[in-house]
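**Student:** For reference, the chains in residue letters:
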Amino acid sequence: MVSMVETQSEGQQDLQVGEILVDAQNITKHFPLETGLIANMLSRGEIPSVKAVDGVSFFIRKGEVFGLAGESGSGKSTIARLVLRLLELTDGKILFNGIDLHSLSMEDMRHMRSRMQLVFQDPLASLNPRMTIGRAIEHPAQIHFPELTDDQRKERVLEILEAVGLVPAGNFYDLYPHQISGGQRQRIVLARALVTRPELIVADEPIAMADVSVRALLLDQMLELKDNFDLTYLYITHDLATAKYICDRIGILYLGKLVEIGEINLLFSKPLHPYTQALLAAVPVPDPRMRRTEALPKGEIPNPINPPSGCRFHPRCPFAEEICSKEEPLLRELKPEHQVACHFAEKFA
Amino acid sequence: MQEEILYSIRDLTVSYHTRAGDVVAVDDVTMDVMSGEILGLVGESGCGKSTLGKALLRLHTGLAEITSGELVFEGTDLMKLAPREMTNIRGAKLGMIFQDPMTSLNPVQRIVDHIKETILAHEAVSELVAEQRAGEIIELLGIRRERLDDYPHQMSGGMRQRVMISLALALHAELVVADEPTTSLDVIVEAKFLDLLKDLQEKFNLTILMITHNIGVVAEVADRVAVMYAGKIMEIGTVDEVFLKPKHPYTQGLLSSVPNIKLDDKDLYHMEGMPPNLLDPPKGCRFHPRCPYVMDKCRSQVPQLTVIEGRQKAACFLYEEVKAREVVNG
Numbered sequence: 001m002v003s004m005v006e007t008q009s010e011g012q013q014d015l016q017v018g019e020i021l022v023d024a025q026n027i028t029k030h031f032p033l034e035t036g037l038i039a040n041m042l043s044r045g046e047i048p049s050v051k052a053v054d055g056v057s058f059f060i061r062k063g064e065v066f067g068l069a070g071e072s073g074s075g076k077s078t079i080a081r082l083v084l085r086l087l088e089l090t091d092g093k094i095l096f097n098g099i100d101l102h103s104l105s106m107e108d109m110r111h112m113r114s115r116m117q118l119v120f121q122d123p124l125a126s127l128n129p130r131m132t133i134g135r136a137i138e139h140p141a142q143i144h145f146p147e148l149t150d151d152q153r154k155e156r157v158l159e160i161l162e163a164v165g166l167v168p169a170g171n172f173y174d175l176y177p178h179q180i181s182g183g184q185r186q187r188i189v190l191a192r193a194l195v196t197r198p199e200l201i202v203a204d205e206p207i208a209m210a211d212v213s214v215r216a217l218l219l220d221q222m223l224e225l226k227d228n229f230d231l232t233y234l235y236i237t238h239d240l241a242t243a244k245y246i247c248d249r250i251g252i253l254y255l256g257k258l259v260e261i262g263e264i265n266l267l268f269s270k271p272l273h274p275y276t277q278a279l280l281a282a283v284p285v286p287d288p289r290m291r292r293t294e295a296l297p298k299g300e301i302p303n304p305i306n307p308p309s310g311c312r313f314h315p316r317c318p319f320a321e322e323i324c325s326k327e328e329p330l331l332r333e334l335k336p337e338h339q340v341a342c343h344f345a346e347k348f349a
Numbered sequence: 001m002q003e004e005i006l007y008s009i010r011d012l013t014v015s016y017h018t019r020a021g022d023v024v025a026v027d028d029v030t031m032d033v034m035s036g037e038i039l040g041l042v043g044e045s046g047c048g049k050s051t052l053g054k055a056l057l058r059l060h061t062g063l064a065e066i067t068s069g070e071l072v073f074e075g076t077d078l079m080k081l082a083p084r085e086m087t088n089i090r091g092a093k094l095g096m097i098f099q100d101p102m103t104s105l106n107p108v109q110r111i112v113d114h115i116k117e118t119i120l121a122h123e124a125v126s127e128l129v130a131e132q133r134a135g136e137i138i139e140l141l142g143i144r145r146e147r148l149d150d151y152p153h154q155m156s157g158g159m160r161q162r163v164m165i166s167l168a169l170a171l172h173a174e175l176v177v178a179d180e181p182t183t184s185l186d187v188i189v190e191a192k193f194l195d196l197l198k199d200l201q202e203k204f205n206l207t208i209l210m211i212t213h214n215i216g217v218v219a220e221v222a223d224r225v226a227v228m229y230a231g232k233i234m235e236i237g238t239v240d241e242v243f244l245k246p247k248h249p250y251t252q253g254l255l256s257s258v259p260n261i262k263l264d265d266k267d268l269y270h271m272e273g274m275p276p277n278l279l280d281p282p283k284g285c286r287f288h289p290r291c292p293y294v295m296d297k298c299r300s301q302v303p304q305l306t307v308i309e310g311r312q313k314a315a316c317f318l319y320e321e322v323k324a325r326e327v328v329n330g
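First to last, the sequence lines map onto chains A and B. Note that our numbering gives residue 214 to position 214 of the first sequence, counting from 1, and the numbers run on in steps of one. Note that our numbering gives residue 125 to position 125 of the second sequence, counting from 1, and the numbers run on in steps of one.
Among the clues, some could well be false.
Taking CB as the label site, the calculated pair distances span [to be verified]: (1) A/Arg130 <-> B/Thr18: 48 to 54 Å; (2) A/Ile38 <-> B/Asn106: 50 to 56 Å; (3) A/Phe59 <-> B/Glu272: 35 to 41 Å; (4) A/Lys335 <-> B/Val307: 17 to 23 Å; (5) A/Lys93 <-> B/Glu146: 20 to 26 Å; (6) B/Ser126 <-> A/Gly299: 46 to 52 Å; (7) B/Glu70 <-> A/Asn265: 35 to 41 Å; (8) B/Pro289 <-> A/Val167: 18 to 24 Å; (9) A/Ile38 <-> B/Leu63: 20 to 26 Å; (10) A/Ile305 <-> B/Val125: 39 to 45 Å.
FYI, nobody ran anything at the bench for these hints, they're computed from the structure. Using N, Cα and C, we set each Cβ at its ideal position, and we do this for glycine too.
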């Protein structure tokens, strides 16, 4: 394991710095509320909406693991779907290898999809119980590479099965999802994502369902596959401890806004946003000598239909002053590789 | 810590009668719950921890059956009680909260009615008194009294979980079995709920059996912890004993495979293999196929939970030899 982490950081230095795979610029997604005809007429066209993602900008470098973390309703899964264009943007732009994704025609987008894949939380729910593992992995290849013969396709599936550590691959090819273990299922889901040789894997809570004792293995396997297949990950999670383990950089979301973004160790060792500080302090630690002593923020996450003015965290922030309710703090670079959206971030630096 | 036993589980075995055969989910478990403590029960999915929790209230249904054992609560073996008597104890003295409060609350019943119903089912008081008490309880739990008229869907997940515990407190339950109570909660809400549990423990001397897969949660709130694997208790002790000096190889592996956000530890342990299928569990020690220290004996004989040091017990033959040597050396 130690040696693997080392090779990982060496690999990073080899990359041309600044080569960006995903560039999300001011992306916004509002979901209008279904209010019905009469309510719409009464509201004179101003339909209330859930501001799930509200002006978020970030980039993902080639070859890195970029994390997005936040509590439920923070917009992290919506962003994942916007990056894959499984949802349409309300505003903003997403560049993938410099190509404006959301301006592509449906046909062009379909071709683009082979280069980006999504891995979900529950592997059993994302595998068809009546499809053999071989067929499940073959399926995306059939769609994206119709020119391959049956034998070539099968060859490719066996290769991938071996790559994810399911050996002998021939034995797994004809099994059904219920015949294998949960950890193996998660690898099947990864194998299926890899068969189209994507550049980007969007992983939405990929290990949340896995048992504690196999999580570490799955994470290390994801890192290994990243190196072997030259992948880039967008890792969506609410679990900050595993994020720290796997991510190179991370963005912290609160109510549809990015409050802080930076290199993972910088951000976790010295969080500059009061929300990040609270979030990190609240994570239960598997050591009774390190029990939490910090106070927790008051109240609960407000309604995203009517988010607070100014800084969205101000009603719960222990450091809030007048300006926080009036002016929205912009994301600014306080240190290299570390940006924060807080009027008073200097005092935590 | 209090040393009085509140609930004593003796040789408890719970089986599920499935078409494929009997699954022994809880296998000959003996364990004491001390009065006023928070006892963490940790284990991975399918280890039997939830089945054990439900059995304490004799809440098992359907295919599950308590095939043997005693459940001694305040001197009475609950196994000997008639269903009617058990119903009286359940709710009044033993409470239970589940992972998803939304499925435990009635969506078309207001919060106040949930609490009132619980009180009126067990006590001969007027509706007015019950309503008054409902208000007091939820205020105590940090929910404003006005919210009593809300329906469950109008509340946040954290509040719903507070309502669940209010149902246990309404009747001054002595033991609350909490099955993954914070698993559906966000991390800050979770931390607040854990603070609340500790508060209740102190104020009311409430005893809590906290069932969870989250090792961190146990380290954060529990006084003692029991580690369960494939239907058996592998180790039990105070949190300091078990977390700082884990004895059973399973506990050791489990603890070192969990990342600690406060440390820069990039070296997580990979445990070999998977938990066994309980339809056909391994002979001998159930952990032996995954154990790095496996000995011949482990493959055929079942190790018993024995005292290792202080209050710490483990079910592992590794320590038997150590013990034997100590005896020889006097």
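**Student:** Against each hint, give a clear statement of whether it holds in the structure.
**Tutor:** Results for each hint:
1. A/Arg130 <-> B/Thr18: 48 to 54 Å: violated (22 Å)
2. A/Ile38 <-> B/Asn106: 50 to 56 Å: violated (31 Å)
3. A/Phe59 <-> B/Glu272: 35 to 41 Å: This hint holds: roughly 39 Å between Cβ atoms.
4. A/Lys335 <-> B/Val307: 17 to 23 Å: Taking Cβ atoms as reference, A/Lys335 and B/Val307 lie about 53 Å apart, which means the hint is violated.
5. A/Lys93 <-> B/Glu146: 20 to 26 Å: violated (45 Å)
6. B/Ser126 <-> A/Gly299: 46 to 52 Å: violated (35 Å)
7. B/Glu70 <-> A/Asn265: 35 to 41 Å: Since B/Glu70 and A/Asn265 have Cβ atoms about 53 Å apart, the given range 35 to 41 Å is violated.
8. B/Pro289 <-> A/Val167: 18 to 24 Å: Given range 18 to 24 Å: holds, Cβ gap about 19 Å.
9. A/Ile38 <-> B/Leu63: 20 to 26 Å: At 51 Å between Cβs, range violated.
10. A/Ile305 <-> B/Val125: 39 to 45 Å: holds (41 Å)
Violated hints, in rising order: 1, 2, 4, 5, 6, 7, 9; the structure is consistent with all others.
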